[in-house]
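Q: Fit chain X to the given chain G structure using the hints.
Protein chains: 2
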Amino acid sequence: MKIALAQLNYHIGNFDENVSKIIDHIKKTKADQVDIVCFGELAVCGYPPRDFLEFSDFIRKCDAAIEKIRQASQGIAVVVGAPTLNPVPEGKDLYNSAYFIADQEILYVQHKALLPTYDIFDEYRYFEPGSEFQVVDYKGKKIALTVCEDIWNIGNENPLYVTCPLDHLIEQKPDFVINVSASPFDYDHAEDRIEILKENALRYNVPLFYVNHVGAQTEVIFDGGSIVMSASGNVYEEMAYFEEAYAIYDLDSVIAEDQSLEQPKDKIKEIHDGLVLGVKDYFGKLGFSKAIIGLSGGIDSAITTVLAVEALGADNVRVILMPSQFSSQHSVDDSVKLSETLGIHYDIINIEEIYKTYMHKLEPIFGNLPFNVTEENLQARARGMLLMAVSNKFGNIVLNTSNKSEAAVGYGTLYGDMCGGLSVIGDVYKTEVYELAHYINRNSEIIPNHIITKPPSAELRPNQKDSDSLPDYDILDEILKLYIEERQGPDEIIAKGHDPALVKRILRLVNINEFKRYQTAPALRVSSKAFGMGRRMPIVGKYLS
Amino acid sequence: MKIALAQLNYHIGNFDENVSKIIDHIKKTKADQVDIVCFGELAVCGYPPRDFLEFSDFIRKCDAAIEKIRQASQGIAVVVGAPTLNPVPEGKDLYNSAYFIADQEILYVQHKALLPTYDIFDEYRYFEPGSEFQVVDYKGKKIALTVCEDIWNIGNENPLYVTCPLDHLIEQKPDFVINVSASPFDYDHAEDRIEILKENALRYNVPLFYVNHVGAQTEVIFDGGSIVMSASGNVYEEMAYFEEAYAIYDLDSVIAEDQSLEQPKDKIKEIHDGLVLGVKDYFGKLGFSKAIIGLSGGIDSAITTVLAVEALGADNVRVILMPSQFSSQHSVDDSVKLSETLGIHYDIINIEEIYKTYMHKLEPIFGNLPFNVTEENLQARARGMLLMAVSNKFGNIVLNTSNKSEAAVGYGTLYGDMCGGLSVIGDVYKTEVYELAHYINRNSEIIPNHIITKPPSAELRPNQKDSDSLPDYDILDEILKLYIEERQGPDEIIAKGHDPALVKRILRLVNINEFKRYQTAPALRVSSKAFGMGRRMPIVGKYLS
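Just so you know, the protein sequences line up as chains G and X, in that order. Mapping to the numbering used here: the first sequence position 526 is 526, numbers consecutive. Add 545 to a position in the second sequence, counting from 1, and you land on the number used in the numbering used here.
Next comes chain G alone, as it looks inside the complex (with noise of 0.2 Å):
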């Protein structure tokens, strides 16, 4: 038997686009002989949907996409996700589905039973958790299908659900385990995924055929890596990350385990492929092309440049460099030297002008109160003016670069810096933005040195530095992955070693920032627990603060 896994990129909502793309593997899968073909979780309509699900609409247009499906697929079976009705009126509206339809005939329809709803996930928000299971018989196999989430329930000393759905599958003895998936990336997502497959085939002792989406869904990134892990947990084949694929796998080969192909693993590689991917999608699902960004000279816009350039090409990015009379002279000459290695274009606004013009017209109201972060403001605000008027005029999608350490802390200036369609590093710590840096200039110089090796400043007033207002970014990092990725909370974080006062300090940062944060761009996701929609705090709380 011939199983073939496509690894696709879908839009969410776009229909057509999606459901041509599935017909035209499917038309290529009877070309190369293949029994059954595998698309992802809720293919038809893309991953996550979110409250689309509750229009009707929406869910016909699903129907009618299954229904273009069923009928192109005369002489072979597909595999596919898919929003179905729930007929009875108690219980939500909707299952989260999978399609087994062959030959025109939809044979099987198994429904999702362990919704995430956590993280980024809000699936019981929608769905209804399926209770029945039933093997698929096809061409004398047994076939077990699954949808994401269902075989992630076993091996956790702290399991989420109360039930396995493979515990009932089991008992019919499939041949294989097909699960059709939308598991979004993160940097050590790819080696849980192996580990949950591995525990499954040990515990089941049958082969599973895992195949995911791939693509960024705004903040969202689907890192692809779909999977075929034979019987006794050996990875038979990792597909690649970050692209669409698509590969045909004979059942018996599998059995026979002649062969164990895995993607090499490479936080910084994955986070920077991840980010590239994201970037791109972001400008090619909204239908546009061009980017726009303020060089500070410093290495979260640069990174962001260099990032932006790859993923939309240098035709396609322009930077503005904007001096103030805090900016040292070098910020200027590293952006410069930056945009003609990049071979972007630049151009140099000055807004000194600007600022001052503020100040004459604030004189009245301000009188002769000093300096304090108003003006460090204006000069930020400014500068985001200037950005989004040229995005304006010339249809750029303005690229926010700021990273999580600041985001985390409120190290930044809301409608200045923090401006932008999408914030590209925000999910990024500062320790890791140097990570990416000299893994961008692994081969070669690409963001000159000088921007890496220089303290950081905003520049917002004469000789500021980072290290004035914030700890040591190695500190602080550790701290805030403490807090946002494990949840730590205070004494846990102390007891760490970490000096108490700095700890309360940096929380209550966090805590009182949380009004800044809901206003800002969505940022890709990398981490395990990236600020948005992924992180859900109130404002008003009174809670570390």
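FYI, nobody ran anything at the bench for these hints, they're computed from the structure. Take the hints with a grain of salt, since some may be wrong.
Pairwise CB distance ranges (calculated) [claimed, not checked]:
#1 G:Lys269 / X:Ser1012: 50 to 56 Å
#2 X:Glu789 / G:Pro462: 49 to 55 Å
#3 X:Ile910 / G:Asn449: 26 to 32 Å
The calculated BS3-like cross-link candidates involving lysine-lysine, where the alpha carbons are at most 25 Å apart (straight line), are [as the list claims (entries may be wrong)]:
#4 G:Lys516 / X:Lys1087
#5 G:Lys529 / X:Lys835
#6 X:Lys1061 / X:Lys1026
#7 X:Lys901 / G:Lys542
#8 X:Lys1087 / G:Lys290
#9 X:Lys1061 / G:Lys290
#10 X:Lys835 / G:Lys516
#11 X:Lys1010 / G:Lys393
#12 X:Lys1087 / G:Lys280
To spell it out: a stretch of chain X is covered by chain G in this simulated footprint if at least three of its residues, at any positions, have a beta carbon under 8 Å from a beta carbon of chain G; those stretches are [unchecked claim]:
#13 552-559
#14 959-971
#15 1056-1066
Idealized CB from N, CA, C, for every residue including glycine.
A: Here is chain X on its own, set in the frame of chain G:
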């Protein structure tokens, strides 16, 4: 038996304040010879605590709060909501529970069974549903304890859940039901609440004591309106809206139904009072007192200013009038008149010079390209920057003045008029804004009539009117309500008699402007479907767009 309901304004994560409020009320009820005093759902930590629930530290603080309440319960029974730990590893780590504590002993803990996971609610993200139901025996009475949603799954044609907790509890023949709630306001909710309590009373033939939260937590407003419902479905008493309240009920009198006290219902008054409380609590709970607003001469900023003055007092509200070369004289005159009527401080800053400075600096890039939305946005952003600067200098919070109609179709400038810490009328359609204006002027002309009668205009280019780019607001709002509140698709809306091209254009505008709303301030929620945390839409989606 005497039962007290304490309808209190909690503050998320502010354990000291919440516990001291609760204990103060316990002391008062003891003095009043009360048998049972009831507080709200998750009262010790406030609602919704969101991802704070994922911190063990936070849960320990909830436990410590319950311990203090237990110690204070000598000689009285206390019903109070708090999260509790799920003792088994399987399933979510927490329950959403109601404690029944009497005479320093925890007699029973009832776990919520129906976990709202829709609109603004994310309960299944955190909680395992309860599945055991036991009445509490206390002073010769049998009491059925329920938590909020637990009584809401009856009488629907399309029930959200597959079970009804009271179906189980009623078998144990309770004398009455206590329901601890955190049920947020929308302008239809008071009627719905009475209706659902009536249906429960009639179905189970028991009296119900329903206690709600009051107060706002960022965008979510709790209106109070706690209810005592007799077994025959008579509203024995509905407590006050939008203020803390405390009342003692004699069970025998409730059984005898010797009174019937409902609050008057008035949509616009409720919206008005809810928004005033929303502004007041946003400032109070964040520790701020002073607001700043850009007064344009239009009705939206006028309404916002009036509401701010009601919430914070005239001394705590300042406005800036920021005319440009495109502003009409009446915009300034009307704004001055309103400011004088309200007795608030106003400043006037003409933005023409700022605008010209930007255009001068941008000239090398823009060349002779024609005036377009770029220049309109520049004006709106210059105003936003001035507001933010004054707010930074003096510690005010900028209040956003966008209404729901313009937020829906993206008729506003990101980082410009869409700036601010809180959107006051972002869930109020333009047609409702006019109703609010008439309500505010019901006794005297607070808002100058000319502001109400003149055609709305953004005044960002010569002789601009909203009607140049948008249909009449009565048509626009009707289509928006069908799409947003009713979640109808294009076919259903067109079938109601609306122009197909217009429907498609408006739905498209709503969907392509998701990126703007993603970055705007939280909007006080007064409808059943507000933008923000209760409406979750993809940005890169391609559906109706």
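Q: Mind taking a look at whether chain G covers the region 1056-1066 of chain X? Criterion is 3 or more residues with CB to CB distance under 8 Å.
A: holds (count 5)
Q: Holds or violated: are the alpha carbons of Lys1087 (chain X) and Lys280 (chain G) at most 25 Å from each other?
A: holds (16 Å)
Q: Looking only at beta-carbon atoms, does the pair Glu789 (chain X), Pro462 (chain G) fall within the given range of 49 to 55 Å?
A: holds (51 Å)
Q: At least three residues with a C-beta closer than 8 Å to a C-beta of chain G: is that true for the region 959-971 of chain X?
A: holds (count 4)
Q: Given the proposed pairing of Lys516 (chain G) with Lys1087 (chain X), does the C-alpha separation stay at or below 25 Å?
A: Given that 25 Å is the threshold and the Cα spacing comes to 28 Å, the pair is violated.
Q: Taken at face value, is the distance from the CA of Lys393 (chain G) to the CA of Lys1010 (chain X) at most 25 Å?
A: Given pair Lys1010 (chain X), Lys393 (chain G) holds - Cα atoms ~22 Å apart, limit 25 Å.
Q: Verify the coverage statement for the region 552-559 of chain X against chain G, using a C-beta to C-beta distance below 8 Å and requiring 3 or more qualifying residues.
A: With 4 residues in contact (Cβ-Cβ under 8 Å with chain G), the coverage given for the region 552-559 of chain X holds.
Q: Please verify whether Lys529 (chain G) and Lys835 (chain X) have alpha carbons no more than 25 Å apart.
A: Violated, at roughly 35 Å.
Q: Between Ile910 (chain X) and Asn449 (chain G), does the beta-carbon spacing fit 26 to 32 Å?
A: At roughly 30 Å between Cβ atoms, Asn449 (chain G) and Ile910 (chain X) fall inside 26 to 32 Å, so the hint holds.
Q: Please work out if Lys835 (chain X) and Lys516 (chain G) have their alpha carbons no farther apart than 25 Å.
A: At roughly 18 Å apart (the allowed maximum being 25 Å), Lys516 (chain G) and Lys835 (chain X) satisfy the hint.
Q: Mind checking the alpha carbons of Lys1087 (chain X) and Lys290 (chain G) for me, to see if they're no more than 25 Å apart?
A: Holds, because 19 Å separates the two Cα atoms, which is no more than 25 Å.
Q: Regarding Lys269 (chain G) and Ser1012 (chain X), is the given constraint of 50 to 56 Å on their beta-carbon distance met?
A: 54 Å Cβ-Cβ, so the 50 to 56 Å window holds.
Hint compliance for this structure: hints 4, 5, 7 are not met, and every other hint is.
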